[in-house]
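A.B. asks: With chain A held as given, fit chain B onto it using these hints.
The listed protein sequences derive, respectively, from chains A and B.
Going by this note's numbering, the first sequence opens with residue 1, and the numbers climb by one from there.
Going by this note's numbering, the second sequence opens with residue 1, and the numbers climb by one from there.
If you're looking for bench data, these hints aren't it; they were derived computationally from the structure.
For each residue, glycine too, the CB sits at the ideal point set by N, CA and C.
Check before you lean on any hint, since a few could be wrong.
[As the list claims (entries may be wrong)] With beta-carbon atoms standing in for the labels, derived distance ranges: (1) B:Y7 with A:N229: 19 to 29 Å; (2) B:T67 with A:F302: 41 to 51 Å; (3) B:Y7 with A:Y81: 24 to 34 Å; (4) A:N72 with B:L21: 34 to 44 Å.
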Amino acid sequence: MARRNDPFTQDIDWLTLILYLGCITLGWLNVYAAVYSPEEHTSLFDMSTNAGKQLMWIGTTAILVICILVVNHKFFDSFAYLFYAFMILMLLLVLVAGANIKGSHSWFKFGGFQIQPAEFAKMATALALAKYLDNPGVSLTKQKDLMYIAGIIVLPCILILASNETGSTLVFASFTIMLYREGLPGWIPAIGITAAALFVLALIFPKLYIFAGIILLLVLFIALMPRYNRNLNNLLSLGVLVAGMMIFVTGVDFFVNSVLQKHQRNRIKVLVDPTIDPLGVGWNVTQAKIAIGSGRLQGKGFLEGTQTKFDFVPEQSTDFIFCTIGEEHGFIGSAVVLALFVGLLARIVILAEKQRSKFARVYGYCVAGIIFFHVMVNVGMTIGLMPVIGIPLPFFSYGGSSLWSFSILLFIFLKLDSRRTALSRR
Amino acid sequence: MLENRKYVIIGVFCLMALTYLARLFYLQVLDDTYSLGASKNSIKRVIEIPYRGQIYDRNNQLLVYNTPVYDLYVTPKKVNISDTTAFCRLMDITRSDFDSIMGLAQNYSAVKPSLFMRQLSKEDFARIQDALVDYQGFEPVISSMRTYPAHTMANALGYVSEISKKQLDNQDIPYYRQGDYIGHNGLEEQYEEQLRGKRGVKFVMQNVRGVNKGPWKNGEFDTLAVAGDNLITGIDVDVQQYADSLMKNKVGAVLAIEPATGEILVSVSAPTYDPNLLSSRYFSKNYRALIKNPYKPLINRPVMASYRPGSTFKLIQALIAQQQGSLLPSTVYGHAGSPMRCHCRGGNNLRGAVQNSCNPYFYYVFRKFLYFNGEHNTFKASAIGLRQWHDMAEKFGIGARLGVDLPSELKGNLPTPEYYDKAYRGALRWKFSNVYSLSIGEGELLISPLKLVNLAATIANRGWYITPHYIKGLGKVGVGVPEEYKVRHETGIDYKYYLPVIDGMRGAVANGTVTPLANIAGIDLCGKTGTSQNAKYGHKFDHSIFIGFAPMNNPKIAVAVFVENAGWGGKAAASVAALVAERYLKRKTEAKKLDEIVKASNYLPPANSLLTPKKPSPAKKDTTQKDPKPVQPKPLMTAIQPKAVTATVGMGGN
Numbered sequence: 001m002a003r004r005n006d007p008f009t010q011d012i013d014w015l016t017l018i019l020y021l022g023c024i025t026l027g028w029l030n031v032y033a034a035v036y037s038p039e040e041h042t043s044l045f046d047m048s049t050n051a052g053k054q055l056m057w058i059g060t061t062a063i064l065v066i067c068i069l070v071v072n073h074k075f076f077d078s079f080a081y082l083f084y085a086f087m088i089l090m091l092l093l094v095l096v097a098g099a100n101i102k103g104s105h106s107w108f109k110f111g112g113f114q115i116q117p118a119e120f121a122k123m124a125t126a127l128a129l130a131k132y133l134d135n136p137g138v139s140l141t142k143q144k145d146l147m148y149i150a151g152i153i154v155l156p157c158i159l160i161l162a163s164n165e166t167g168s169t170l171v172f173a174s175f176t177i178m179l180y181r182e183g184l185p186g187w188i189p190a191i192g193i194t195a196a197a198l199f200v201l202a203l204i205f206p207k208l209y210i211f212a213g214i215i216l217l218l219v220l221f222i223a224l225m226p227r228y229n230r231n232l233n234n235l236l237s238l239g240v241l242v243a244g245m246m247i248f249v250t251g252v253d254f255f256v257n258s259v260l261q262k263h264q265r266n267r268i269k270v271l272v273d274p275t276i277d278p279l280g281v282g283w284n285v286t287q288a289k290i291a292i293g294s295g296r297l298q299g300k301g302f303l304e305g306t307q308t309k310f311d312f313v314p315e316q317s318t319d320f321i322f323c324t325i326g327e328e329h330g331f332i333g334s335a336v337v338l339a340l341f342v343g344l345l346a347r348i349v350i351l352a353e354k355q356r357s358k359f360a361r362v363y364g365y366c367v368a369g370i371i372f373f374h375v376m377v378n379v380g381m382t383i384g385l386m387p388v389i390g391i392p393l394p395f396f397s398y399g400g401s402s403l404w405s406f407s408i409l410l411f412i413f414l415k416l417d418s419r420r421t422a423l424s425r426r
Numbered sequence: 001m002l003e004n005r006k007y008v009i010i011g012v013f014c015l016m017a018l019t020y021l022a023r024l025f026y027l028q029v030l031d032d033t034y035s036l037g038a039s040k041n042s043i044k045r046v047i048e049i050p051y052r053g054q055i056y057d058r059n060n061q062l063l064v065y066n067t068p069v070y071d072l073y074v075t076p077k078k079v080n081i082s083d084t085t086a087f088c089r090l091m092d093i094t095r096s097d098f099d100s101i102m103g104l105a106q107n108y109s110a111v112k113p114s115l116f117m118r119q120l121s122k123e124d125f126a127r128i129q130d131a132l133v134d135y136q137g138f139e140p141v142i143s144s145m146r147t148y149p150a151h152t153m154a155n156a157l158g159y160v161s162e163i164s165k166k167q168l169d170n171q172d173i174p175y176y177r178q179g180d181y182i183g184h185n186g187l188e189e190q191y192e193e194q195l196r197g198k199r200g201v202k203f204v205m206q207n208v209r210g211v212n213k214g215p216w217k218n219g220e221f222d223t224l225a226v227a228g229d230n231l232i233t234g235i236d237v238d239v240q241q242y243a244d245s246l247m248k249n250k251v252g253a254v255l256a257i258e259p260a261t262g263e264i265l266v267s268v269s270a271p272t273y274d275p276n277l278l279s280s281r282y283f284s285k286n287y288r289a290l291i292k293n294p295y296k297p298l299i300n301r302p303v304m305a306s307y308r309p310g311s312t313f314k315l316i317q318a319l320i321a322q323q324q325g326s327l328l329p330s331t332v333y334g335h336a337g338s339p340m341r342c343h344c345r346g347g348n349n350l351r352g353a354v355q356n357s358c359n360p361y362f363y364y365v366f367r368k369f370l371y372f373n374g375e376h377n378t379f380k381a382s383a384i385g386l387r388q389w390h391d392m393a394e395k396f397g398i399g400a401r402l403g404v405d406l407p408s409e410l411k412g413n414l415p416t417p418e419y420y421d422k423a424y425r426g427a428l429r430w431k432f433s434n435v436y437s438l439s440i441g442e443g444e445l446l447i448s449p450l451k452l453v454n455l456a457a458t459i460a461n462r463g464w465y466i467t468p469h470y471i472k473g474l475g476k477v478g479v480g481v482p483e484e485y486k487v488r489h490e491t492g493i494d495y496k497y498y499l500p501v502i503d504g505m506r507g508a509v510a511n512g513t514v515t516p517l518a519n520i521a522g523i524d525l526c527g528k529t530g531t532s533q534n535a536k537y538g539h540k541f542d543h544s545i546f547i548g549f550a551p552m553n554n555p556k557i558a559v560a561v562f563v564e565n566a567g568w569g570g571k572a573a574a575s576v577a578a579l580v581a582e583r584y585l586k587r588k589t590e591a592k593k594l595d596e597i598v599k600a601s602n603y604l605p606p607a608n609s610l611l612t613p614k615k616p617s618p619a620k621k622d623t624t625q626k627d628p629k630p631v632q633p634k635p636l637m638t639a640i641q642p643k644a645v646t647a648t649v650g651m652g653g654n
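Same shape as in the complex, but just chain A (with noise of 0.2 Å):
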């Protein structure tokens, strides 16, 4: 191959830029409808809209993509540490100095234009967890090690907490899916998902109903028990584990009630019962749903939504542009839309399997993981699946600081993966 070195052309993974470049202007074109009015007709490169910023966005993302691409991949490996050293100095910054919108700081505002640390806090965390993990002997196994990871993840959450981001904080947990693959013990997220399972199950039901479905439970479960597993052992940490879930049922109630502050508890109990109050709390809800509902199988067609563009959804272009997706281009849209995704991910977990080093590969899940989150997160706000947590979905939500952290996060590991390419080729 005459351009074998070449870092630009066949060492990337063309099936990745492919997915990618197909969410970008899918993104960007929605971006353009959201935002449309039928009585201007803008152009798709007017700057003073949405969508003419967002293809500024887009090509300053080149740059910073053939940035990424030309600079030696032992950058990545080497710097790590240093990366998540001035993001975290970031993060404390923007609690001093940054702007207040809505109620948040977590804004670098310069001139017209805002940056978020908290979207690039995730890619040095993920860069750190690589350098750490790639220690030789390092092992999710041991305590210490166990200790240090849940040092380098909660120290960025506790900063962008701190600014008032819950939604970007909560997108830390999606490093349990490459913690999980480098061996963290399966009970571990198994917990997790039983605890929000609860929580879930202890905002729709009375405390008394689920405990007596956690008893009957454990009934049933004795009994399908093999006889010779039945020992006192077993039964103490069975008893254990239920008594330990019957006081997370009861401390989720204190949760919500006490801790949660009033529009965190409205989110959570809308998404329970998205009725309770369908034009205060349950408005976003509501008419994301009535958009993406309006869509029906084939959409209402490219600049034919009317419940999108006339501003009935809230923050369209933003954290609701799924809802877009759904008006204009109904089930089939949406479909595409999942479609590319689940491509997306699944082509980054198979690279990341074929990594030689245990930094790409720990890399690559971190993306997959928290593109994953976000995907889940974002579009299961918009059909009434979770609850409303202002996180973007990546690549399609207006807006640089999101557009500008995924694509550096995905291109990263991209140019670690030429590395193998290429080296695999020698």
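C.D. replies: Then chain B, alone, in the frame of chain A:
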């Protein structure tokens, strides 16, 4: 081993995608409530009000048309007035008006426009237009207002104003919305459906704040507003206005119809008012003033007032008695034996009795009529006779609604035997001597001017009538006239019986009860005077009535005139009728002297006499005791249904 966990992870990704797809499939394909929600959300029906039809007279003169005016809308959120006092002065409203309007608007919506002020005339708008630029949030919307260039026929035309709450709630099909205009009373109400036209519907897309964002689907489902039909009436506006001028300073009604067609030529209700008063933004103020006016200008007297017909009713008596066979044209009755006074010399035949309005003559005619059935028991005979009398008189349209195209026609009263049975608490407890005042059109008879003009037309036609009506066409003459206005109603009286009566009517004008001045040369007026008892009920004067037609042969116009409190019918009412007939037939007024006398005469009762009389004070009790049932003065006759029978001694006719 750990490598296999990638399958778990990819599995989780796929599980999420499948769950979401299932959910999306449910939301988008299976459940259509959301797509309904969307159209409710963002697509609004906007009603376009069409131009209301205009109203014309028979000679293509405009009676009602639409003037462009400006409705001023306010969007509370945009309003920022620094000097409210100056603004109120500009708008000619008080501060409290301003506050209440703004409060209502704010309640409705801060961001959607609400009505601030209706119907600013062009002049008003021109005055404030420049200043309005400085006041944000006020937006003029062009609209239209009914205008009445002829300044006449206020009651017959009715008016157009905002729909009432009750009307809004009682709609069969929800057509009108709050704040819509609708015709009230008169022709505006009667022909509302034809005049209002067809509304246009536009579907527009609106954003979440209700701001318009252009047509939906490029207006594919929009319908255009269709202007209402013009209503052509049979009114002759020149004669109408002339009759108005004659009825100045009088209370009463003038009606004229074309006998051959039943078309109403003149419809005066006096006192009247300028219909433009109820068509401006000062509607409520003006309406309140009219309601309080003691002369009750809002009553449409031609159809809503009921009077005793007095001697004019003798015409019907003469006709039905001839038909029955109990009266011959040559029959002569004297005054002797009759309880009624009379001012003629007596000894008339039928023609003379009509000409001189001889009361005793018709006393005997009626007595013979009632007893003309072979029944010897006078009670039984009276019952049979009165039934026959009722059925024959009914054919003239008395005692029921004629069916004129106005919404407020009253029935009046034509007593039946049952009516007296009830009044006398049992059958066969009354006879001719109890009811003889009917013979000269007094007693329990109640009749509206419309029915009397119809009687005049019936006699002019020598036997039939077409229900009086205003409509002459919708859009074009003859189009859309209801079938019922083309049907001849026969009276069941033979042609020949009309001739002596008409002879008598001509004689009454030429040489009888009518003032000589009213016998205007060249119009050949035939008529009958009447004096409706009123003085008896505590008033100084009776009501003056005249009905007639002209010319005698091939009549072109039938007239009925009521002038309240104007004394005998031969003077006030007959003069007005003669002048109206002359004006219509000659298109000019030659009887200048009569014209002057009529215009100069004032029969308005003093306004304070019209207020509800105080209860008699104890000191006056003695004088009132003699009258066991003091009849309340009936200043301006409205619908009075006699409740009990008083054995009236008819003294009326002349």
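A.B. asks: Just pull the numbers of the violated hints for me, sorted ascending.
C.D. replies: none
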